[in-house]
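When you get a sec, could you build the whole thing from the sequences and use the hints?
Numbered per my numbering, the sequence shown spans residues -19 to 303.
To be clear, the hints were calculated from the coordinates, so they are not data collected in a lab. Be careful, since some hints might not be right.
DEER-style ranges, computed between Cβ atoms [what the hints assert, rightly or not]:
no.	residue 1	residue 2	range
1	Phe122	Ser67	30 to 40 Å
2	Tyr114	Val134	28 to 38 Å
3	Lys145	Gly295	26 to 36 Å
4	Arg143	Val291	49 to 59 Å
5	Ala40	Leu268	12 to 22 Å
6	Trp71	Leu199	19 to 29 Å
7	Arg35	Pro284	36 to 46 Å
8	Ile174	Trp71	44 to 54 Å
Please read these numbers as outputs of a predicted model, since none were measured by experiment. A virtual CB, placed ideally from N, CA and C, is assigned to each residue, including glycine.
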Amino acid sequence: LVGVMAATVNPFSIGVATGEARVSIGDGLGLRLLLWALLTAMAVAWVLRYAAKVRRDPAASLVAGEDLRAGDDMPTQEPAVEHRLTSTQKWVLVITVLAFALMIFSVIPWSSIFGARTGPADDMLTHTTAVKPYFFELNWWFPQLSMLFILASVLVGAVARIREKELVRLVTAGAADMLGPAMVVLLAGGVSVIMTNTQTLDTILHAMESLVTGTSAALFTVITIGINIPLALLIPSSSGHATLAMPLLAPLADFAGVSRSVTVTAWIMAHGLTLMWAPTSVVLVGGLAIAKVNYDKWLRFVWPLLVGLLVVATGICAIAAAA
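Right, here's the structure in full:
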């Protein structure tokens, strides 16, 4: 879940948010890479510290009284058997890795990061800088990415010698898991359209403009993170949250004199941090259920890390906004 918080070019969170904010996904990439390195290092250090403590004293484990009970259904008498990947499984892994690598490569606007600028410093319509695209840039988005994963699924089925009907059943079952998030995105988009067409969004922006204008950039960034934490609790879908929040946050950032890319980064910090403790996070609750760890024990383990992540993320975003 730290990876969600420290996302760099995730098309389903950063991609949607930058699209709603009308900036390039490459804008602010350096800031997000810095946060990714720092936050990941903090999380790894925290886990290693806890593991070392439990290794020295197993009784220090937060689940010390539950370890045996959770493992009662696991064989303890039979010797461990070393399992090796078959050639088919190796090829499936290769296809999966290549598909994700191509996805990442295809959505990154390389020219906006490294290219020579060929346009005005600030395009008032798109809030992006005009650059000459590189010849190898693909500029793929959801239609192309959908086809990529469908093709990868077919290749996996062919390599694994899965029958056609079974492959269709598996693909359909996997797609069914995305129905819930897709509905959230549609509903959030509908709310955004209604607010725009009824000029409700304009009314809100006008009312908040006087509050935001003159506010320091650092304070606006802190407020952005504070507002989006409860929103992420109610809308755990990153795409849905971005679709609902960014049309309002992006213009407010202009009033406060804050870069829209920094606002996107502050938004993903709040969203990802919330998913690490929110009971509405399907990934968190599902992971705890599989690991047989109680929710209260998880909170006891993770809350010091959450505080540290929040302080570091907020501080760096505030500095970036004020720079």
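Which numbered hints fail:
Of the numbered hints given earlier, those the structure breaks are 3, 6 and 7, listed in rising order.
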